[in-house]
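Chains as they are written, first to last, in the numbering used here: chain A, 1 to 828; chain B, 1 to 239.
One should not assume that every hint holds.
Dumping the calculated DSS-like pairs for lysine-lysine here, alpha-carbon to alpha-carbon at most 25 Å [unchecked claim]:
#, chain 1, residue 1, chain 2, residue 2
1, A, Lys133, A, Lys263
2, B, Lys9, B, Lys159
3, B, Lys9, A, Lys133
4, A, Lys60, A, Lys450
5, A, Lys147, B, Lys159
6, A, Lys263, A, Lys60
Hints are computed from structural coordinates only; laboratory data are not their basis.
No experiment lies behind these values; they were computed from the predicted model shown.
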Amino acid sequence: MSAETPTPPASLAVAPARLRRAANLAALSFKTTAECPPMDGFTGQKRALDAVRFGSRVSKPGFNLFAIGAPGARMQQSVETMLAAARADRPAPSDWVYVHNFAAPHRPTAIGLPAGRAPQFQKAMHELIEDLKSALPMAFESEDYQKRHGAVDEVFQKKQADAFAALRDKAQATGLVLLRTPLGFAFAPAKNGQVISPDEFRTWDEAKQREVQKNIETLEPELEHIMHQFPAWEKARREEVRKLNRDTASLTIAPLIEDAKTKFADLPQISAHLEAVRADLIENIGMFIVKPEGEEAQSATLGPGGPFDRYEVNVMISHDATATGAPIVQEPHPTLGHLTGRIEYMSQQGALLTNFRLIKPGAMHRANGGYLLLDVRSLLTEPFSWTALKRLLKQGEIVIEDVNHFLGLTSTVTLDPDPIPLDLKVVLFGDRMLYYMLAMYDPELTEHFKVLADFEDDFDRSETNEAAMAHIISNLAYEDKLRPLECEAVGLIIEQAARMAENADKLSLLTGELRDLIIEADFRAGEAGHKVTTRADVQKALDEQIRRAARLRDRSQESILREIALIDTQGARTGQINGLSVLQLGGFAFGRPSRITCRVRPGSGNVLDIEREAKLGGPIHSKGVLILSGFLAGRFALDTPMSLYASLVLEQSYGGVEGDSASSAELYTLLSALADVPLRQDIAVTGSINQQGEIQAIGGANEKIEGFFDICAKRGLTGTQGVAIPKSNVQHLMLRQDVVDACAQGRFIIYAIGTADEGISLLTGLPAGARGADGAFTPGSVNALVEARLRAFASIRQHFGDSKPPAPEPSAPPPPVPVPPAPTPEAP
Amino acid sequence: MSNTAPPFKRIIVDLHCSGCDRLIVRQAADLAQLLQLELFGRFFADPAPARLAALPFAREFRPGEHAWAPLEGHNVSQELSLAITAAERLFKQMTATLPRQFQIIHDPAQLEHPQDGRGESIAVIHQSGYPSAPFEQMLASAFQTAASVLILPSGVPPKSGPILAVVNGAEDPAAGIAAALARAAGEPLLRLDSQAGTAAQVPAARLIVTSRGTLPNATLALIATRKKTPVLVIGTEPA
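This is chain A alone, in the form it adopts within the complex:
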């Protein structure tokens, strides 16, 4: 069914001046940004920056910061700039080292030192050991030591020799000799110093033989006694030698240790460690002395890295003593090890071993005493990191935990290093969704991150703020060493900032995207040989950005123009309208008209959403359709049962549909079908509706308008074509210049619709109609026709019910079913 296109009511048309708010170039007092001093990125972020200022200065536990905002809001740069100012107020934090714990080697000792002194301590200990490596061998090779050692040996050997000599003399006196057998000693009867032969012995008389045997038996206990004394003598000798070694070592070590202690006299913990080193050196002096061939070295039991490792110092973190201020540390990859430090292992003869020198610092060590900046998404995607961060913040100390032991992956000997006191301000960065989800699911969040810094996505567009935005643009160009931008180019970027904010009265603060645009504009300016970036360069950059991403848009438009996707852009049809949807794919959004149709017949009062029945409609879309039932039920034929069956569908839609911005269009098609009145096809419609018939704001108004405009323009603008948008969306209009120009020339029209009555009147050319004193709608109006049709349906149904049961209808809609989010051709 078709009808002639009626003249639209002029009052609904939006004035061209309101379709795009141009930047006020007159207020920008520069020709190029070279004359415009750069400005930091703080503009419009007072709320967030006050939070950062507070959070960075309050020094109580739990007052860590959680900065949230949209990607591209340059939160991190802003926070870093503020922290850089705040850090100067804080002293340089302590250095920290790990040293060997001689009493409990598996628990390395942490020692804190004033800033810059850890490397000095490390060097002092290294030099001490290097000095001892030469001094101790010298001491033990000295003539004095050798003499004393020799004296000890001599006493021992003389004692042995004297005992044997005395025994030999006794044996000789009784006609015996002391023999050395392969395995020991024995007495034998002798003659002239030679053991007598068995034959000769047998010639002796029995008495003489017994006497010899008796003499031997007399001497044997003495031999046994001497031999029993040897171990005791040897033990005494070893004790003497050990004491001599200790004395010699003490004398050599003492001056070096005392010298080192003098350097760190102000640090009792280091003095205590040096005393422990002294005691250990004395007890293990053997490792410094060259071992005789064949003797085992002592290093075998000392773990990886050599026997002298235990005296070295592992500097975990050191700060420049001459520089003031707290550290600001970012950790882009916050694994547990990178965050809290880790214990590494060395393979030694197939076994994994470690010692305190293999303890590696994490970001928390580096940032201790200052600020640690973390991306919350990275943090949450690393196993154990989030939990560990909270635990350490709660404990107030850095405890290095071995993730492999958590998981049971290793069972090697590991370390349990002393915890290091934690004085840290953590700043997390993330998007709002993550923050709100964390707040919902992790009650500890607010315990540890009490300060929320919520960065704005946009700010009010005033003359002052446009000037501020110009400074930000200047700053972006300055930071990237780009060409200066002409004033007009800045104006276009400001307008683009409003477009990004989807609001003519706001300016986006997502400077990341603006920076991309400025960089591309600079490139285009370079290609064009411009010394400054012009408005044309910016426009070229914008066009190219769209062109690169618009293949799908172009294919979609092509399918409409080739009438594969059926979209009428002129004429009128009953129960059919052009709705508008937005597809957002890969950061590029474009509008697309979609045909919506409606069929009606008598029924039990249901409006059937075919999208939902086919499980293509999301819950918000279904909600919009259900609202139509409420609207009809509350407005028409209040004295009769609702006896309508209607089906609504988004034609040629094969993907998921979400959002309620088509609900007003669906209402118009429903009313058109019920009233049997054709709707204009040269006007596309967007807007959601409530049960009162009021048209409500939707998202993506600019893209939707441009999507229909492009189709109409390619088919040829008739002058009657246009788009009906919610009145409340007019403030959001930042349309493309070609759309604005067409409207200004009267070739395209944007209508601002406040109610369903305004909309249906615009689309049908008929009055919507209001109830008169008699309770009836204006005769001939759309509403009157609708009400009459509904009454007729009720009558049919009543009549049909008298004769036989009503015909089966499609079942009531099932409960809402979640719809996959992509592709999403609608933004509510």
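Fit chain B to the known structure of chain A by using the hints.
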């Protein structure tokens, strides 16, 4: 001072006294290498224990077991054989790059009268292990075997240092031998008059060379024990 080569041909090590002391054999081998001498290892297979074993009451005290055990002829022979094998293996292992000779001696008289010329030999004595005799007796016995005696300390000797000649007069042959050793070792030569007298007054050295009688026997023993320095004592009548 003579610049002629030292008049030695061999160093004699009695392996039955130091069969398992690697350090002693190593020191003797080092000196042999330095002087380019043959190392002559001797093992005295004493027949006395075997004879004793044939007596009815024979038994031996074994320090390793701290117990007495019957002395049986078969066992004595077997243990002696094992000791000889072990000593020979060690000797050959430590002297792989040297001209060497290993000999088993059965007649004790051979210990005192070696087959080769006495004047060309250096006998090794030391005080490690159980002392077989007082030092002076050991020294005297050694001089019966060889013209010169090398007294080795039981500990680790210096690996470098001067060669010290403790001499008595200009004609003392120890001076020439020390000079030759210093050249061979690439070490400086020090010369000290014999009036030094005591061990404490002898400076540190890698090796001390002196003639028999220049220093008292007790001093020689002290140098080897206290100063842990080898001493080469040249006999009064070197060849």
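Hints, one by one, checked against the model:
no., hint, result
1, A:Lys133 to A:Lys263, "holds (21 Å)"
2, B:Lys9 to B:Lys159, "holds (23 Å)"
3, B:Lys9 to A:Lys133, "violated (41 Å)"
4, A:Lys60 to A:Lys450, "holds (10 Å)"
5, A:Lys147 to B:Lys159, "holds (17 Å)"
6, A:Lys263 to A:Lys60, "violated (35 Å)"
Hints 3 and 6 from the list above are not met by this structure, while the remaining hints are.
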